[in-house]
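> Protein chains in written order, with my numbering: chain G, 1231 to 1474; chain S, 2 to 282.
Among these hints, one or two may not hold up.
[As the list claims (entries may be wrong)] If you want the ones that stay clear, here's a sample from chain S, every Cβ over 10 Å from chain G, calculated:
#	residue
1	R14
2	A46
3	R57
4	D145
5	I192
6	V204
7	F210
8	F273
[Said to hold, decoys possible] Using C-beta positions, here's what the derived DEER-type ranges look like:
#	chain 1	residue 1	chain 2	residue 2	range
9	G	T1355	S	I181	37 to 45 Å
10	S	S199	G	G1246	49 to 57 Å
11	S	G172	G	R1352	54 to 62 Å
12	S	S10	G	S1371	20 to 28 Å
13	S	I181	G	N1238	20 to 28 Å
14	G	T1341	S	S244	55 to 63 Å
15	G	R1303	S	P16	27 to 35 Å
16	G	S1232	S	S10	13 to 21 Å
[Claimed, not checked] Straight-line alpha carbon distances no greater than 25 Å define the calculated SDA-like cross-link-like pairs of lysine to any residue that follow:
#	chain 1	residue 1	chain 2	residue 2
17	S	K120	S	A133
18	S	K139	S	N42
19	S	K120	S	N42
20	S	K139	S	I163
21	G	K1362	S	K156
22	S	K156	S	I41
23	G	K1362	S	R14
24	G	K1362	S	R6
25	S	K156	S	T64
I should point out that these hints are in silico values taken from the structure, not numbers from a laboratory. We treat Cβ as the ideally placed atom computed from N, Cα and C, and that holds for glycine.
Here are the chains, one letter per residue:
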Amino acid sequence: MSLVRFLNVAKEYARGGVALTHASFQLHKGEFAFLTGPSGSGKSTILKLIYMEERPTAGDVLVSGVSARDATRREVSMVRRHLGIVFQDFRLLEDRTAEANVAFALEVTGTPTDMIRSRVARVLTQVGLASKGTAYPRELSGGEQQRVAIARSLVNDPYVLIADEPTGNLDERATRGVFQLLRDINTAGTAVIMATHDLDLIRRTEYRTIELNHGRLVYDSAEAPPAVKELSATPPSHHDENPI
Amino acid sequence: MMALREAFSAFRRAPLLSALGVVTIAFSLFAFGLFGLVAINIRDALRSIESRVEIRAFIADGTPIEASSAAMGDIHAFPEVLSVTYVSQDDALIRARKELGEFSDVFEPGVLPASLDIKLKPGFRDPTTVLAVANRVKSYDFVDDVRYGEDWVAKLYRLRTIATLVGTGLGLAFAAVAVIIIGATIRIMVISRAREISIMRLVGATNGFIRLPFVLEGFIQGVMGGLLALGLTWATSTAISHSFMSTVFFDPAMATLGVVGGALIGLFGSTFAVGRQLRRL
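Hey, can you work out the whole structure from these sequences and the hints?
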């Protein structure tokens, strides 16, 4: 069952030019996929199209059957309630505790108050932060902040977790911890699509890899024989550029 | 519930900005309130002057008292008439001597004519009605002349019309200024919370849900600003009453209306501002 379908998608920004062209792929239930490629290759654009921050210029993106071309604002909100979104910069509210940051995602969807506490406690335990619920983001390390962001993205039981460079700001140890957490989430049944520059992570696993270059989908391990995957695992040409 | 909590927590998170909003609204409404105070005092003064509008029908010498009495009954039955008083020649003399004390020796008995003094009911003291009643009274044979101060009745009404128009115009202008100020304050608040709004959107909050705390915040600011303005206006009115002249303050219904007006201005300004700003974010 495909949760996300890209149908010959193109995206052109008014000032930024062509960001994506002729992109077609599907993300299935329970799948883990890396999205890789140099900066400016279109990784973030793909993720934005999935959570409908951007609309395709041509083609269509279907998320759980909802068309990104035609979705109303309300439909976009409803789609996002079933997506978990994690960013490199965590995007936590600094004036709220870890618990409050996670609870925020439930409050805005109108979850009854008595359910919020138990669900927040459950996801904080799941990400290994049961004892840090009352801490403010500034009191947590980068890895812990990212775990809070992941807890927030999980609390609505999403069917797809979208991670845009989630380890980009983390040291090696925190990266391993966060990545393991994403793997556990995937093992529990949530599909994960993760944009990353970190080729070591990609090499260490057998997960699907989608590679982009100049807005084109140049490689998809789900459609390529194993030999091609080996070739593609060489560092992208713009590897040393700043992350998106 | 969350919207209300968020609306109140905005005051805690950005106290200076919130205070600025409340104070600016309060000062706008205070200016409006001061003008309102002037307007109701003018209205009160006009009402007191208006109550003195009177038609005086002078009765020809030698008119039998029976004819005057019958006419008094007729005139009293006019729907516009509040009271009719017969003033005899002697009474007219006493009144004239009292009113013009320094010329009291000029008047001699029998010089002044008797008259019927007619007072009109409130709502019938406009120049047209006064003229109509005066003409009907004049039609009696024994009435020599009718006086009702046509000039100052017309001036009084012109002044009242101007005061109403200026009051309405300035009131609308102050209300517009208050809406603009609260709109700008709410817009700054929306911008200052752009990050929070973007996160709310990412986790699936609808625009209506995002808008509600800001709208409530505007409403609360409007109410607080309204109450503050009411307090300032009351303090000013009391100070004037103590130091210069006695003034009339708003009755409870008008005071409530002022606060409700503040709340509506807050509601309208914030709804407009947040809607516009959310489309930009």
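> For the range 54 to 62 Å, tell me whether the beta carbons of G172/S and R1352/G fit it or not.
For G172/S and R1352/G the Cβ distance comes to about 57 Å; the hint holds.
> Within 25 Å, alpha carbon to alpha carbon, are K120/S and A133/S?
14 Å, holds
> Look at the Cβ atoms of I181/S and N1238/G and judge whether their distance stays inside 20 to 28 Å.
Since I181/S and N1238/G have Cβ atoms about 48 Å apart, the given range 20 to 28 Å is violated.
> K1362/G and R6/S: Cα distance at most 25 Å?
24 Å, holds
> A range of 37 to 45 Å was offered for this pair. Does it hold for the Cβ distance of T1355/G and I181/S?
The hint (37 to 45 Å, Cβ to Cβ) is violated, given that T1355/G and I181/S are roughly 50 Å apart.
> Has the given pair, K120/S with N42/S, been kept, meaning a C-alpha gap of at most 25 Å?
Status holds; Cα separation ~23 Å.
> Checking the smallest CB distance to chain G, is F273/S really beyond 10 Å?
Holds, since 19 Å exceeds 10 Å.
> Can you tell me whether the CB distance of S10/S to S1371/G sits inside 20 to 28 Å?
27 Å, holds
> Check whether the Cα positions of K1362/G and R14/S lie no farther apart than 25 Å.
Holds, at about 23 Å.
> Are all beta-carbon distances from F210/S to chain G longer than 10 Å?
The claim breaks: F210/S does not keep its Cβ more than 10 Å from every Cβ of chain G (closest is about 6 Å).
> Measure nothing beyond the straight line between the CA atoms of K156/S and T64/S; if it is 25 Å or shorter, mark the hint as holding.
35 Å, violated
> Using Cβ atoms and 10 Å as the threshold, tell me whether A46/S really stays out of contact range of chain G.
55 Å, holds
Against the hints set out earlier in the document, violations occur for numbers 1, 6, 7, 9, 10, 13, 16, 18, 20, 21 and 25.
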